[in-house]
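Q: The chain contents come next:
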Amino acid sequence: MVSYLARTLVQLAITLVGIVTVVFFLMRAIPGDPALYMLGDFATEASVEALRARLGLDLPVYQQYLLFMQRALTGDLGQSVVTGQPALREILSALPWSLSLAVTGLMIAVALGVPLGILSAIRQGTWVDVTIMLVALIGISFPVFWVGLVAILLLSHQAGLFPALGAATGGGFFTQIHHLMLPALVLGLSVAAYIARLTRSAMLEVLGQDYIRVARAMGVRENRIFFRLALRNAFIPILAVIGVTFAWALGNAILVEVVFSRPGLGSTVLKAILARDYQLVQAGVLVLATGIVLVNLTLDILYGVIDPRMRTGS
Amino acid sequence: MSQIEAVSTQNASMRDPEAARRRRRAAIRRYTGHPAFVIGTLILAAMFIVAAGAQWIAPNSPVQTNMALILAEPSWTYPLGTDQFGRCVLSRLIHGAQISLQVGFWVVLISLTFGTLIGAVAGFVGGWMERIIVALIDTMLAFPGFLLALALVAAQGSSLTSVITAVAIAYTPRVATVMRSVVLTIRPRPFIEASRAIGLSSTRILLSHVIPNALPPVIVVATVSAATAILAEAGLSFLGLGVQPPTPTWGSVIADGQTVITNRPLISLAAGMCIAITVIGLNLLGDGLRDTLDPQMRRQTGAKML
Amino acid sequence: MKTSKTKANQGASRRGFMQMAGAASLAAALPVSFAGVKLAHAAGGQLRVRFGGDISILDPAFIFQIENQTVGGHIYNGLVKYDQATNAIMPDLASSWEVSPDAKTYTFTLRSGVKWHKGYGELTSDDVAFSFERVLNEATASRFRGQLAGLQTIEAPDATTVVFKLESPNAGFLHKVCAFNQGWIVSRKAVEEKGEAYKLDPIGTGPFIFDNWIAGNSVRLVANPDYFEGKPHLDDIVFRIIRDETAAAIALENNEIDIFFALQQPEMIDRLEAADGITVLSRDANNTVNLVLNTTIPPLDDVRVRRAMAHALNRQGLIDGFFRGTKSFAYSVLTTTFQEFSDNVPRYDYDPDKARALLEEAGATGFEFELTSVALNPYDRFPIPMADDLNAVGIKTTLNVVERGAYVQARASGRVQSCITAVVGPPDPDSPLVTLFSTASFPPGLNTSRYDQVDDLLAAAAKELDAEKRKGIYEQILQRTMEDVPVIPIFGERLFMAHSDRVEGLVQNSLFTVYTYPVSLKG
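Protein chains in written order, with the numbering used here: chain U, 1 to 314; chain R, 1001 to 1306; chain H, 2001 to 2523.
Just so you know, the hints here were simulated from the structure itself, not pulled from any lab data.
C-beta: ideal position from N, C-alpha, C; glycine also.
Accuracy of the hints is not assured; some may be wrong.
So the derived label-pair ranges between C-beta atoms look like this [said to hold, decoys possible]:
hint, chain 1, residue 1, chain 2, residue 2, range
1, U, Ala46, H, Glu2193, 49 to 59 Å
2, H, Glu2167, U, Leu99, 26 to 36 Å
3, H, Asp2501, U, Phe173, 58 to 68 Å
Short, incomplete list of chain R residues facing chain H, as computed with Cβ under 7 Å [unchecked claim]:
hint, residue
4, Ile1043
5, Thr1065
6, Gly1157
7, Asn1213
8, Pro1245
9, Thr1259
10, Ile1261
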């Protein structure tokens, strides 16, 4: 277990260095630079040069890279080119927004998706199954930002149930939750559809296994088969989906964040990409990637705990 | 059970033409008897016909603006009304099918080709090569797909080609992961061992045995990734990073319609429906293929495609 | 012990959660009850203003974008300021000033007893000198260094006197020290103490004090009780970032915000104008939106081709159609808000036949034309019908809409055939005219047409102290530039903002910012 952990940690470090390298050069391959972005309408030859020098952009790219890596190793991800604030701090301030959205959305998704998926598998082939799967199919087929817009129109504007803004500016815990509900619902419903579909197929697969048939043949009660045998074994793939979805929701919820005017990691990185704020993009992607890698790592370890056969890792 | 059976029926069918015919007929029955597959195919076929015949089907030009006909109500000439440029919304949607299907098709083709190759090589060759490829794939996967596509579009400038390549690059590692995991399950199978034993080269085994046998789940993944690509194009358009105006795409119709959503909800509603119907078609087709091609593969696909 | 405590908390929050779910149907009542709480303080209260984008930098040496400038306007003062309603130049930190007869020396007398926010002491002439020297210093890399070109020395002979000496006469120099962008005065102590952090931790003398910024969410300012013109009516202002206009309009109708700043969508304007309890304000802005043609790239070097394009564009049709009358017709690049505005300039009516004839004459039929614009609403949209107009007279037009970073890069390279540009700024005629037409603004500046025919007139206007004569020179500049049309003004920007009935005393300016010092909230 210890050597497995050590190996995984080394792999994690390599992945993170890799991703930061990719991002570093990708950002510099994009036309336009922060100096031009900031000087805008009043740019002159001299002012562009002066600002580039001030931001350290006049050095050759490989030197900038070495410098960046050197600082990153000491935990210094630099300052946002535009705002002058420490890049990591700005990213970390967006993290709670993303986490709360992802966690709440996922709770809604699991609460809806898993039972519906199981129900669908139990009633395979009946109208219950068909209806659930049809709804789930529709759920994953609409663009999420579009669902968000329609939700604002119907639930916020027409029905007045929720605020149109997906984030409060102050107020207590409940005010925050009230603002969070609509975006979480929109995110949650689309993820619920995925989870329902995958829960169903995981369950069906388990139900098709020989030992279930044997159990049935031995006269074990259906309820017991579903909840003792099938569900337990379907747990791992379901867990995998939840883990992957969580990581996905951290970075890919940009469109939900934009529609609901909510801060978050995804929209912070988007803003930084558009402003060519190199340091901010690098810090953001590093945090996102760390999150995703950590989720995967946790899942790997959980598999090991749940099912010792998987401990060696593939 | 199915592993051995698959190999043995495969071998049998090679020798016995009668058995092959029987098998083919059974396969056809399996597809036609699967409602998801049938409906999915029908939806996509319809979309394809609309896209291919767009210039004859569309009642008006999809790009011609008319400042005297802004946001017209639906009429016989403009069945879905006009947008804020006075362009026929229905015609834009009909022509938009071309672009969306193109995006889906090319993204699938590119990510399938490269993803399959990369994943197959990694899974089959093993050793340091596998470790490097896996590290690279992990690196790519740790980057949120949509953000990567976004950065790539920003890098290349907005155009149909750059949207396609960006989405394809972002989703290739996902196909590669699925391919690799499938190949890993195929590698120890008896017929691969046998091929080695009779002295076939690695490349030969890879191309003629490993990839064809691993394709079914990857094809399922491909249908899902076509759906993802179409949704990604819509998302990029919504953020103003889609293809160049005035090119009609479903994403740009939603984005244009979104600015007038309170007084003309029909515009973005219709475009949203076009996307949803196509994506539903692709998902149904994927479901159908998954069930009919290889029931064993339910689990490997899907989860990794997010 | 510990565990039981956590459990109890969880139980509470879970219960609370259930209550929330139950209360969801009462949600509509929630904001009302908050408003009810506000009733308690008769004056004061919190003003909530919609921003379309986040702030990024509040240091006057670097400040750009309307959101930053709006916050800056609440925090800082200048030596002089524009009257919100009339754009006349008024005293601000300077109580009086004198201009030497040769227009080369400007002497300002400061108000005394003006205090910096957050205990940074009293404003002195040294702070004023520091503010401008900093912008002039090449190492600062300020974006406004060019604005102060010709400023030789700044002296502070005593604590309340500042003397500016110019290399050459500049009758328009007051505009450069007016309360906007580089004209905002900073505290030497604060800037030197805070370093890079100053960019988002500003210290000013204005009616509101910067309180906090939640990235992507909001900016909060609190009232400055010591403001020299008197304490503001409001307690605090929250600028709320809402990108989408539909969501912002719904938020205004739901009473989640009080002022909808930077309202642009024509449909949204119609909608809010019809809504109960909401007032829509509008005013011409200080800028036009222009099609800038690169006069060094054939066939655009031929004035007949440029005139043909001006005739080919149905600009009034665009304003009435796509914009539904929410923009103004542009005679030249100066809008009606400038004292120097004139409509006595060559005009180009929509006339496709004339356009075709001109192209024929120039031998430039069927050339390929790329129009570069930026992927920001509406700049990514209104060029679409323009391209149709140009295609209709045989100019093969394609659009190149790119996101802002790439757009700025393309523009600064000076190699694009054309681009859509607006010079958003103060009602200083030099702001659009020097920026668009002076050879000093060649790329990477905004003169991407590389037009060089009005340098002499611009210099003459700077020397002329007589207001009427000066206006005459500007009219000549407008006539010459419209004669040569290196830049085709597409429309005059018009600013819209909407507010709920709670808001009283809001005056709209033409700067593309909102200034809420005079605002009070009704109970």
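Q: Of all the hints numbered above, which does this structure not satisfy? Sort the numbers upward.
A: 1, 2, 3, 4, 7
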